[in-house]
Structure formats: C-alpha cells, structure tokens
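A.B. asks: So the sequences go chain by chain: E and S.
Quick note: the first sequence uses the working numbering, first residue 92, plus one each step.
Quick note: the second sequence uses the working numbering, first residue -16, plus one each step.
By construction, these hints were calculated from the structure, which means they are not laboratory data.
In this text, a Cβ means the ideal position worked out from N, Cα and C, and glycines have one as well.
A few of these clues could be false.
[As the list claims (entries may be wrong)] In silico lysine-lysine, PhoX-like type, Cα no more than 25 Å apart, as pairs:
id: 1; chain 1: E; residue 1: 102; chain 2: S; residue 2: 18
id: 2; chain 1: S; residue 1: 18; chain 2: E; residue 2: 97
id: 3; chain 1: S; residue 1: 224; chain 2: S; residue 2: 18
id: 4; chain 1: S; residue 1: 8; chain 2: E; residue 2: 102
[Unchecked claim] Covered stretches of chain S (in silico footprint by chain E; criterion: 3 or more residues with CB under 8 Å from a CB of chain E, positions within the stretch not fixed):
id: 5; region: 84 to 97
id: 6; region: 107 to 114
id: 7; region: 123 to 136
id: 8; region: 215 to 225
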Amino acid sequence: MEYRTKQRVVKVGLVILAIWPLIHIGVVHSTGLSPWRGFGWAMYTVPVLKVDVGVRHLEGDVGQPTRKGTDRVVQSLKRYVKRYQALGANA
Amino acid sequence: MADDRLNVQRNGISRPKDLPVAPIKLFDIVGGGEKADWEKNLIWLRIFLLMHVACRTIIAQHNPALDQEPWLAVMHSLLIAVCLAGLIPRVTWLATVIATGLLGIQVLGTMPITANHIFLEFLCLALLGLLHESRIQERDLAVKALRWLVVIMLFHSGFQKLVYGYYFDGQFLAYATATEDRLACFFRFFMPADEFARLRSLRDAALGMGPYRVNSALFVAISNIAYLFELAAPALLAVRKTRSFAVIATILFVVAIEAGARELLFGALVINLLLLSLPGQWNKRLFPLFAGCYLYVVVANFDWLPMFRYYH
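In isolation and in its complexed conformation, chain S is listed as follows:
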C-alpha cells in the first residue's frame, strides 16, 4: 500500500516509486486543467471585464433616477473611455491597469455604501492588471486566484445567509416577493395563489405588517436550498474531480437566481468567472454571445430596442 501511495500519477506521468510525493499546497487545490487554455481564457476574460465595466457604467450614467455627485459622473466618463479603449488589442493590459485605478478611486470614494458587485469588478481587474497572461507563472497565479475568488465569494454568500437566519422559514424571500415586483413574478409559481395574493397585499411593508411567511413546503425548500447550495458548491468547485459538474450546476444556479433577481450584468460576470474553471476555452467561445447580449442591453437602455425591466 505504501508503494501504491508513492506511485502517484501527476499530469499523466507516473512517478517512480522511490521519489517522494510533494504535499499539495492549499492554494494549488484549485489548479488543474489544460494550462494551454489558460492564456486564451485570461485574454478573453480581460476583454469581457472591460466590456462589462464599460456597459454597466454607460447604463448607470444614463439612469435618470440616479442622483450622482459631479466627481462620480466625471469618473464614470473616464472609466467608460478607458474600458472601451481597452477593447483595442495593443492597449488592453494598459487599459486594465488604468481602469483598476479609476474603479479603485470610485470604490474608496463611495465607501461604505459601495455595491459589492463593483468591488468584485475591482478585484478581478486588479488581478488582471497585476498579472499578465503572457508570463507562465503569472498566468497560473491569475487563474488560481480568480478560481479562489469565486469559491470565497460563493461560500460567504451562503454563510452570511445562514448567520442572519432569514432563509430557514423563507422569511427573506417572502418579504422580497411581497415588496419587489421582479421577485414576485418569479416566486408566484412556487406558492399557492391565495398565499401569493396575501403576500402582495403586504406590499407597502409598514411597521407591524406581516407575517412574511409562506405556507408552502416547496417555497421553504427553495429558500433553504439557496444557502445550502452556496455552502456546498465551493468545495465541489475547488476539487478537480467534481469541478466541471460543479461549474455547470453553479451556472444553472446563477441563471435561476437571475431569473428572479434580474441582475443581468452581475450574473454574466459570475458566469464568466465560473467558465475559467471549465476545461477548454469557454471564455473565448462564449464571448460573442455575451458581447451580443451586452450590446443589446446598452442599446435597449436608450429605448432604441424593447427590453424588460432589469437591474445591474
């Protein structure tokens, strides 16, 4: 048995029995996969991120309900210009670095009310600004760091839901169904019609109103599956053997969430980060699809094309 333990296969090569097996470092657990794909995936992820930040900022700038301070409006304009310039191949990395700086100023300037998705964009751009995919060591470090970023974010999303305790009896989702039209459209199919009507009658959510609980086992089950999945999926994403299955399951999970929450751009960002964990050049393959969707969303934002109501 000890001999078998030493005879470990790494990267398809059998190690001789007399050589010791190096311990796997925690950071490297998320490694693995065809490294030949990593460079291409990082290049296209970088381009996707710049496109994402540009589009999100264009939409935010155009929002008439947004009450922006003047310095933020200037920052947004610069950010849009830099990110769009970054779509030119020769200056992509430079644009990443400058965009990181601008987004960093925005994050610091709007703290502590900065949205988490903007912080996520900043972290991804910062990693890709610091590390260049043309250098092998930095490429490997970037891929592993971005995979860890997804694992950490997903785990803590589930853990925080567990800590605050509004998901055990479906209270949070019931309140959200009552008060938000986008979630009501989605969750109406998971509870009896009279329960849905009762919840929607609590739409104004004044103090003392309630209860925000639902007499539907399916609804409560969905509420608990939400955080349980977020707690379990990171482990499956980290381990190589279960990673591909976990990526597909998590992408479907994100799609299901966004069917209700309608945070289209955030969902697209998370999916692109997840694609980095799949074998193959999926970030490159699916980029035209995302580019088409983003272009549509931006054009629709100016009422030139029809679009349902969505959130960033």
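Chain E on its own, in the form it takes in the complex:
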C-alpha cells in the first residue's frame, strides 16, 4: 500500500473515531444499548444495574432436575443477563 493511501486511511479513521461517539449517544438513546458498549468511550458514565440469577426448585410430582441441568440453566441465564446489560431490551 502506498504511503498516501495509508495516510488517507489513518486520517479518515481518526475522523470516524472522533465523530462516532456523538452518533453513539443517539444510538444509545434510540436502541437501549448500554453506554458502556459500542466504542463510544462512555465507560463509567451510567450506573450498571446489578442482576442476580438463581434457580429455585419447585416441589411436586415433577422429578428433580439434575445438578448439571440446573448449572446449564443458570449459565444460560447469566449469558442472557450479560447481553441484557449491554443491549437492553434488544438482547
């Protein structure tokens, strides 16, 4: 790649980097995306709501789930929570 092309790529990239956070504010507002994500440099701007996940077994005629099955459900829920904290209702 020629130097002039590299120079153009770098300068255009920096301009996009400078402008994107302003667009990021609108994206966060319209989509519910967490400001901590999306490369808007908005970390430590809004509180991250804590979410705790657990599984409670109900007693009754249904057989008790296995420990492995319970762990899988909890892991799946935790993954969903992580996505929810980042993407909001779009998760």
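We have chain E already, so just place chain S on it with the hints.
C.D. replies: Coordinates of chain S only, in the frame set by chain E:
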C-alpha cells in the same frame, strides 16, 4: 509586526523574512518533539502492546468465572501464541499484523458487547501493523495518529460523562461506592464516615433504594474534576508548549483513577500511549518496569504469588 510574524522559528532554524509561513495543518498540531526518539519509542510501544495483549488474554483465559464460547477460547489461545512469538525481534512486525487480524475477529465476533479497552488495543495494533517505524514518513504518521487517539479518547470520556449527567452531584461515584468494594475502598476517605456507612447499606441496590448522593463537598468536587480534567487535558496534550506538563498530569490522573478502579492493565496501556508524547525515549526506559509488573500479575493470577483483587 508583519515582518516579525514572518520571521518564525521552526525546528530551531529562523526563516528568512521573505519566505511565506506554511499554515499548520490540524493533524500536525500533535507533532513536535525529537524525531530521533520516535523510532525507538514506537519499537518499544509495539513490544509493550504485544506483551499487554498476551498477558491480558492469559489472565482472561484463566478466569474460572468467565463463560467463554469455544471459538473465543481458540481465538484467545492463538492470540497468546502470536503475541508471545512477537517478542522475538525478527518477527515483531509480522506478529503485530497477525495479532491485529485475530483481535479484529474477536472484536467483530463479540460486538456489540465488546469491551472498549479491547477495541483500543485493536486500534493501536492496527496502526502499528499498517505503519512501520523504519520508514520515516510512516513513523511520523504513526506517532501523530497515536497521539490523536489518546486526545480523542480522553476528550470523549469526559464529554460522555457531561452528556449523561451522573457526575454533577456525584451520583455515579456514590452508586459505585455503594455497590463496588474496589471503589468503596478508595472513596471512603473522601466522605464522612456516617455517609460512607449509609451508602454501603445500599449495597444491594434494589429498585427504589437510595438516595445515591453524598453530603460531602470534597466528594462532589472530585466527581466534577473527573470529567472537567478529561475535557481540558486533550487541548493541553495537543499543544506542544503544554504537552509535557499535560502528559505528567494525565499520568497522575490515570494512576489516581486506577487506585480506585484497579484496572491495572488498561491503566498501563494508557500510560504507555501517553509516554509517546514526552520528549525522550520513555517507552524504552520504562519498559522493564512494566514487563516486571506484568510478569508479576500473570504469575499471581495462578496463585503462585500474593496479589490484591484487580480488574483488567
């Protein structure tokens, strides 16, 4: 006066009065300093970045709480191997290019929940993969681009805090003090003891709990200084006359932040990027210190050495 304006000193050489002064381009404002140091600084920054990515990834891989998808685990292993291979002098640039590709795949594959610090690593590696310090024009372009990267990132960090408005009365920091032990350890010294105890009683942060405000002028002042500094420092970093002072002040600011946030590796990365703006070969001079710290952190991650709890 017009004659004086034309008689400008550039690089220590006085220009004759009859020659016009070239306008300074915006991109070149962050230039300046001894170019003889730039090549060495870029070489050591490149090595630091590879070491940083390798160590961060090793620590992430070893984290038992991390729920990683299989493809990401494979990507991490490749990234570690490539970055460690890049510490060999002959293949450093090639390793940079490959690591950029791998990190790029990781960034795209985990979007939009990718962490910003991983994106920053990707940008720095991409610049150093595209531009080689042995070519003068590319070396100059790389240094200026990396300086601009720091300026842009710092400015937008402050601007976003201003936009979301959780710093004017210290609400964000109060909530963080209430709910996060690492920040509580730090901010307890900046508020009355009874206020601290009240905030910590709100640790569970259920809906309707609060208020997350603090009756301490010092705490609120610190909260406002945080974003004001991030807004002002970029201008001081960009201008040559104030740059050295701004670099030292920003490094101290980063150290103060990480004393609370304990994001050791991210703090080290930002400091190394800031060192690029100081006259002298500081990236080279301080590399052994950072290498020692990183080695300690990695070894401590496997519980072979004592270490306080920290975050990436």
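A.B. asks: Each of the hints needs a verdict: does it hold here or not?
C.D. replies: Going down the list of hints, with the structure as the test:
1. For a cut-off of 25 Å, the pair hint linking residue 102 of chain E to residue 18 of chain S stands: about 20 Å separates their Cα positions.
2. Distance hint between residue 18 of chain S and residue 97 of chain E is fulfilled; the C-alpha atoms sit about 20 Å from each other, no more than 25 Å.
3. For the given pair, residue 224 of chain S sits about 16 Å from residue 18 of chain S by alpha-carbon distance, which is consistent with the 25 Å threshold.
4. Proposed proximity of residue 8 of chain S and residue 102 of chain E is supported: the alpha carbons are some 12 Å apart, at most 25 Å.
5. Counting residues of the region 84 to 97 of chain S whose C-beta sits closer than 8 Å to any C-beta of chain E gives 3, which meets the bar of three, so the coverage hint holds.
6. Note: the region 107 to 114 of chain S has 3 residues with beta-carbon separation from chain E under 8 Å; the three-residue rule is met and the coverage holds.
7. With 6 residues having a beta carbon nearer than 8 Å to a beta carbon of chain E, the region 123 to 136 of chain S meets the requirement of three or more and the stated coverage holds.
8. Counting residues of the region 215 to 225 of chain S whose beta-carbon sits less than 8 Å from any beta-carbon of chain E gives 0, not enough to reach three: the coverage restraint is violated.
Figure legend: structure checked against the earlier numbered hints; the only hint not met is number 8.
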